[in-house]
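Assemble the dimeric complex from its two separately framed chains, guided by the hints.
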Amino acid sequence: MENVTYTSSGALSRQHYALVSKQEQAASALEAERVTWDAYEEIKSRMGKRPRQTGSSSSIANLFAAGARDWGLSLPSSSVAWNPKQTREDLLLLLYCRNSSMESTRVISKDDLQFALPAALTLAEAGKTVDERRTGYLFCSEIISPNHEAHLLIINTVRKDLDSTFVPRILLALDYLISSPNADAIPAVLTRLETLLAYKSPQVRCRALHAFRILGALDPEILHHCLDTLPKRIQDHDISVRIAALLLLEACFERNVVDLKTTGDSLMEIIRSFKFKQSKLPQHQIALVLRAVDILGRIMPNFEADREIFATILFQLGERAGARQAWALVISIFRALSRVPEQEILVLFARRVAKGKDVTHPLSFLHTLLRTKDPNSTRILLQILSVLPAVVWAGGTTNVRMPVDRVSTVFDTGEHTPNENVHAEIDAADLFGESVDKEPPASSLPEDQTETTKVTFAALFDESSVGALIGFLKARDMEIRKLAILVFTKADPSPAGFVSQYMTQLLSALAERQGSVDDSDQRYQCELACQALEVAEVLHSDDGAAYAHAVIDILQRADGHSLSSHPTSPTSSNKSTTSTGTRRSGKGRGGVIEAAVEKVLSIARKDDVFLQSFAGYLLPRHIGTPKGHISVTLLVVTAAIACEASGTPLNTAQILLDSFGQLLTSVSLTIQEMLLLAMLRLSAIEGIQLEQATALIEDLRLKSRKHIADRCLQCLDQISNLPKFRKKLSVLSSMTIPALLSTLEPPRQPEAPRGAIHEGGEPTNLARKKFDPAPLRYTAYEPAEKTAGHSRKPSQSLHTDLLKSRLPGQRQSSSTSKGDDLIQLSILGRSTDRTPTSSLFSGQNENNDNESPFATTISTTLSDLGPPPFLSRTISPPVSPQLSPRRPIHSPLHSPGVKTPSERSPVARALQLQSNAKIVDTEINFDIEWDRLGAQTSTTSRGWFEGEIAAILDMLRKRQSLIKLTTILHDGTEAKLHVRVNNQTGLLRLRQEEDQSTLWLLRSSDSALRGTVKSVLQEN
Amino acid sequence: MIHSVLIFNTSGTPRLIKFYTPLRSPELATVIPQKIFKLISSRPPGACNFLDVPDLDMTSQLNIASNDRICVVYRNYATLYFVFVIDGGESELGILDLIQVFVESLDKAFRNVCELDLVFHFDEVHAILAEIVQGGLVLETNVAEISQMVEEGFKARKASYAAANPLSLSGGVMGGSSRGGNSNVSSPLSSLQTPIGWLTERITGLNAR
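One line per chain: the protein sequences are W and H, in this order.
Following our numbering, the residues of the first sequence are numbered contiguously, the last one being 1020.
Following our numbering, the residues of the second sequence are numbered contiguously, the last one being 10209.
Don't read these hints as lab results, they were simulated from the structure.
Every value quoted in this text rests on a predicted model; they were computed, and no experiment measured them.
In silico lysine-lysine, PhoX-like type, Cα no more than 20 Å apart, as pairs:
no.	chain 1	residue 1	chain 2	residue 2
1	H	Lys10018	W	Lys110
2	W	Lys85	W	Lys128
3	W	Lys85	H	Lys10155
4	W	Lys128	H	Lys10155
5	W	Lys110	W	Lys44
Covered stretches of chain W, as calculated for chain H (at least 3 residues, CB under 8 Å):
no.	region
6	241-248
7	285-294
C-beta atoms are modelled at their ideal positions from N, C-alpha and C, and glycine is treated no differently.
Extracted from the complex, chain H is given alone in its bound form (with noise of 0.2 Å):
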């Protein structure tokens, strides 16, 4: 099972913190991702991308079902550590591929991720991590899935939207420059017409017989 997905920049800020298990004490929130920034961040070059933590179920009191002993997964993606807390019910080569895909769905997303995109769009992050891991267990593991997914998130949100705003112009919702820099490419969500766009169509003759 995987007890927690962390993404915290090189200077050890969070950028997510998400627990699939209910911690002990509310302040182990803090508590863990600090000493796991601290652990991995203290690894040598060249070491390798799985740390057992043997203390971090007493200490840091991760309510562990079984007796597996605590693993952390990471990868470092130019200043940002993607960390996934696993026990032994998952598989650490798995796990170190999820994180990969994780980061590609991201990229799909954001159209070049970087830390900011976490950190303005960090709503948009928890529902790409909602489509890869849900109540601790990986969901989906292809990148297209995924991708595909995220986007008809955006074409639905967008028509929910058209449809609570008929007058809107635009899309509203993550649309256009709020796109965290992917204002210049093209979104799924410009095929949608607005009852305005439709109008505009019929006067100008676009869509006329």
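Excised from the complex, chain W in its bound form (with noise of 0.2 Å):
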């Protein structure tokens, strides 16, 4: 199969084929974003052009009359007629079209389409049928902004399919209010919408309550309209029913529509029905559960009388849970439970003791956990190990108050008849289908009526076991990692505790490594760098001065007081720091630690209290500390935070401002752009003095190199008309260092359409400008990579990739049109023969690495379609993006000429790339093979790129299937990869100089890779 046509593409119409085609075929992003805009302005002109409106009612009206005229409804001489069929593919064309600008630089906004909302408001009330209807509704839903007086516009067509029996134009209506809720809306549907609680459907049902708890938000009055109905719902038969109505009950609660009494009633009655009994745990039932358990969970601290009563049962729920593996579930409970006072779960679990030593651990389901090697699993043990008391699973003696009757039932006679009512409650239960355990829960007691009693639990874990636990620390994934402090925290929180003695050791293995110049040492201080932030930032999570203390420990450990060792001259420090210094080190520009920057940041940015008491300590002890001994990572930490923090005292910042001048020219060039866009930002308070900075970025602009004068010519400009530059600032939405960039950078002009003819006369060719690079220094600071797949050539483009993905069968040979061949777009690259019968699933790999990742089906067979694990008893197999969970679904019903899964099967793949691929994984393997290479003839080839190392990298991801890539290293300045094409290897090795270009050095046996990947790099 070589080609697809546009009947077997499934594209909405031509135009949409021609448009993904386009899309899929431009050179570079730049120039996708272009054809993107482009079909935007065609149908933008085909639909009408008209003014942005979005002001009062009356212009709302205007721009609704305007629409209907244009889309002559109430014009009938105009020329156009109305075509919903039109209208609809339109709509839909401008939805794809700013979906696809989503990852340009150029956004296609909500602002842009307004013009359509016409349009598509009369489609969604006149079109012909429920395709057309539910576009316009999607449209209005996805453009309209809330609050938007368009909406009124809209409310005469959600009364009216409401009002309807057809059932999909109810449900449409339904979705709308609860996609885009309107107070407006309330009056006009209140009425229908507690009609539709008790409508036949049951979907019908479903969103009625979603749409009531959504108004409900807005409205709360509008909730006692549903209480009549509202237990009924509750007790509904179908389940997806009821969950929307505990959600609608628990809103009610809220807003106190239904009291506390009734809720927890009504919570419970659904937890004590679960039954336990059947062998096979249905799905739906525990979804019921689940919700009802989150809930209960929430609104537990509002009980009383009845908490412990509520968590007596949640417990044995959870046991049971436990033991049939029902992980979602049991994390809920626990997370419920530790909700309540940790003396109340103390006696739940004290109670398990008193039975005697015969009895299991009331959490030994959780070995099994431990015992898989599933990531998932091992979080789900963390999780529930870290809500729990720790003296429950970790072992030892507690004091625990219990309630008198307790005490000397559970340790004295065992005779004791304890409180009828609560006995009552329990039998009255009749929990999980099952014989329970009839001790009464520790009712709430007045002090008088406890006794605090010392009480010895178990360890849950033996000596291996906790060697595996502990090992959870040195996790690959830092989700593990930081559980696994927590965890470990929560059982030895004492200054002496196991993990501050684990942060000792990190510090000190720091410190040992301090100075060094060995890269792999370096290396190993950016790991533990970042291990130790982990810590922290665990430890002090509430405490914002407290982990400001800690990275500066730490980094200045890491760091090693690098600024002295630098040389004073800016120019001639950039290069060698750049690329030599971060060679193989693990550190980035300048010897950041880019890692620990965007690590740092990103805890601190979590809250703004979190910030501004990070900010408070950090920034005082930064300008203590004497110039020889400044980190410069921490450096960078600290310009970010300046430039973030709010509230920064005059004195404060006046200081950090020249202290940053000062240091302007000990750091390297990365650094010194850091260092002025901070002086810039602080700049901008009110009453600071300038004199001092300015003479001191003069100077900097005077010894510098063109990139770094320009910048430091922006920034004089911008402090020499402060006015305008603090206006600049109040219209940004953050401070960050990339926010303030963007200050400097001078506007972007919209482009004009391709083919546009400009004043000049000529043609505007955007594609052949370069993509602007990204500026932004750390990765902390980059917003994601543009690694979508446009940079390619026609030849080898994705919509090759795309059609792919339609295999023989698909192609519809017999209804084919003419027109169809026009459009067809061929595979220029290698046609692949793939034939329908499974490798796979005959135990053979077919070679169809080559294939693209287009044709992979997303189909999975998920335990062929069985329930869902977590829910149940299975437990996941772990994810990994190359052997992904799934396989395609292989059934007879597959007609012989589509995608046949095996064909396509990523599982497949991956086992062929890994069984050809050599093994060059490491760094030394790397360097060896480089040098036996480079020991042939004929083997090597070079060349500069313009751009920097992530420009090429971008621009190889890109053509992904066609080379495949594995970085080796990449420290920001250097990088190692591993390159592969048709089965070919070949190492790359890219080094960037200080003006950004990029020496590439390429070694192959194969000539014909290092063809391929050279025409590749020289395109640029």
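And the structure:
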């Protein structure tokens, strides 16, 4: 199969097909963006240009009138007849264009689509088919902003659809109400909504409940209208309706429409009625109970008298759910329990302890999770441990405030007759369909009716299991590591506790390697610093100042006072630092530990209070640090925080400004740029003295090369007109370094459509313009990489990948129109002759790793469409990008030609990849192989690339269908990559120079591979 | 609550962006997916499917009512990442299963779904998602129910199309060949009669008593 036709593509229309084709064939992201905007302009032109209207209701009315007139509704004389089918297509294309533009530099905003609102409103109102109406509603809900007056225009349509007897129309209206709630709609729909709560269709009932909940947030009064029906819906035969009813119940409780007792009783009734006797736990029932437990957990702190009864029942439910490995339920239950006072939890466990030594640990089911290698299971285990009092799983003796009744019952005679009411409560529960522990819960007794006693809890884990737990501190997954730190912190929170000792070890290890110039030592240091930061994050999660203290300590140890070792000449320091100083060291430009910067800023920004506390400690400490002892990584963090923190005292800001200025000539180029931006930000503070800072910037400008000199000029220019600069700052959404940088860049001019004639009469050719590389220096500041698959030669376009996903049988030879051939797109790369027989199922891996990733079906057997794993007993297999947890559905219903699962199975491809790939997975292996290839003749190609390493990687990754890359090393200024093309392998080294150009060297014994890669790199 | 559902391919190209929480700033609609893609694409192999993003609610200004930390639950299927951004009100494991339910539903609707279906039928993807999540809360988790609803939707659309176009011979709406490679699959729409179909049957006696 080499071609895919329009008919087999499934495109909405030929225009849609052509649009996608052009986008995917675009040679650059910029060209793809222009294709999108061209399509947008074309549709806009077709639909009729009109001014953007966002103003008053009268303007909305005008907007609608204008739209209606152009669409031939109110102006019958219009030459263009209203065509709902065409309108639907246009609206969908506009939405597609907006979605496509999300990754480009110019996004098609909601405002840009306002012109189509009249058409969408009309389509929702007067569409002939459900599809057309649905498109109208979809467009409105996606484009109309909340509280926009245009919502008023659709209320009547919604009301009419709600009144319809045609269920799909009712559903459309309800969906719209839920997705775009508006208080003005309430009077128009309330009566009908009440009726729909008892509608025969469960989908309608379910959505009506959701609509009530959503609208109730806007006007709580309406919640009173559902109170009569709500109890019936909670008992509805349809589980989805019951879940929706529970959520509505919670909303009613939050707004004091329903009292606590009613809410608690309703939830407990559902929880109690859950049956564990069934051999296979019903997924729907679990979902219902899960929701009930979640809600109960949230409102649990409000209960007083009943709380311990609820906790007891939840505890027993948790044990049973654990035994049945319903992990989602287990986590929810223990999270809910974690909201009750710890003493009450201890009482629950103590009661089990009192039963005797033969009783298994109530958490023994967790051993299953410890044994598995699945990271998700590990996370579940650690999450459960983190929400429980540590003593119940770590073991030990602690004081438990037992109710007097319980103490006497459990520890004395065992014949005590407990409170009958409590027994009655438990008896009435008929818990979980099986015999239950009839031990009464500890009731909320006054202080004088309780007795503190020492209870010894057995440890859940033996020595080897504890070793396994400790091993999670070194897990590859940061999430697991952090959870493990949290668990151990809770288990031993003392200053000399386990985690504190671990932290001390990390810091000692950092100190030992301080000043080492060995690359492996430095890289290890970076890893240690990041792990120490994770510990600090957990230990000081609520205290910004303490976190800042830890960060300063860690980064100073990791960097080893790196500024003192820098030469004072900025021009000479840059190159040496970026080109050699960071080689293999794991550090980025200027010796900055970028991962650490990213981590620290990510934590510091988590909320305003934390950020201010963090900044309040960090910034003054920087001022007091001698110049020779400043950590370069810490300097970057300080500069970023100085920009982002608000309310810095004037005195501190002044000293910071001058301090940054004095450091300008001591740091590398990239840090100079950051400091300049930070100084610019500080300059905007009212009342600050700028003379010294201005002189220092001017001094740097005279000493620097073009890039920094230009930046200095820009800063001086902004400082000279501070009111204007402050105005620019006032509109920024954040004060991050990239945002500040954007104030220095000239405003981006709207690009004319391709082919548009400018004043000079020449058509623009924006595709030839160099795509602006991200000017941001550190990962923490960079936006997500633009790795969209656009930058391709037409002959290797992504569209060819797209086309591959339609295999022979999908091509409709009999129905292919002549026009199809005109739009047919050939796969100009390799044509792959795939047989529909499944190599995966036959155990043979077909070598089709060149196959497009697009061609891969997403479908998954997912245990042959069995029950979802976490609601039931099965633990999901680990999911990795290459060995994804699915294989295509192998169904006899598959038509012979439909893309056969095995042909594109990512599993098969991954396996094939692994088997063929030469193992060059470490830097050492890379260097050995590099030298080996270098010893041969005619194995090396080289060249210069006008751009940064990131741009090269971006370009190569966009050719991922052709060139497979494995990064061995990438430290910002140097990269080592393993390249694979058509089963041939090669090694690529990249070295970035100060002028942002990159030298590339490629070694491979295969000349074709060298030619392919070279041609790609020379496209730039 | 589910704050956002995102689908992007392994190159970071967004295939579906759906926010259930109003964003404080329009540009965040592009910033958040980019940030999340960057985070999940840099995860090591063998990492779990959950990711805490401490600064998402601040720098990205997701309008989170509660103080729950934002969690990203994602799953990688072939060339696509399916990502749900949730807060503490949702069960992370439940959402992980919901992603699976979503993919299964897509697979049933498109018969062996691939990325191409999401490109050419993004409106259908929206519709299927609307059967699963509404207003940021889970509506339905049963694949069979969802598939039935989707099929009923097809039928209803076919019926309304037939009503609006009485002379049409084919379904028109998502029918036959326009259905992204599903032309060989018998559609529930095929059992519905158009007036001409009815007439043909009368003439050929298929429907004669």
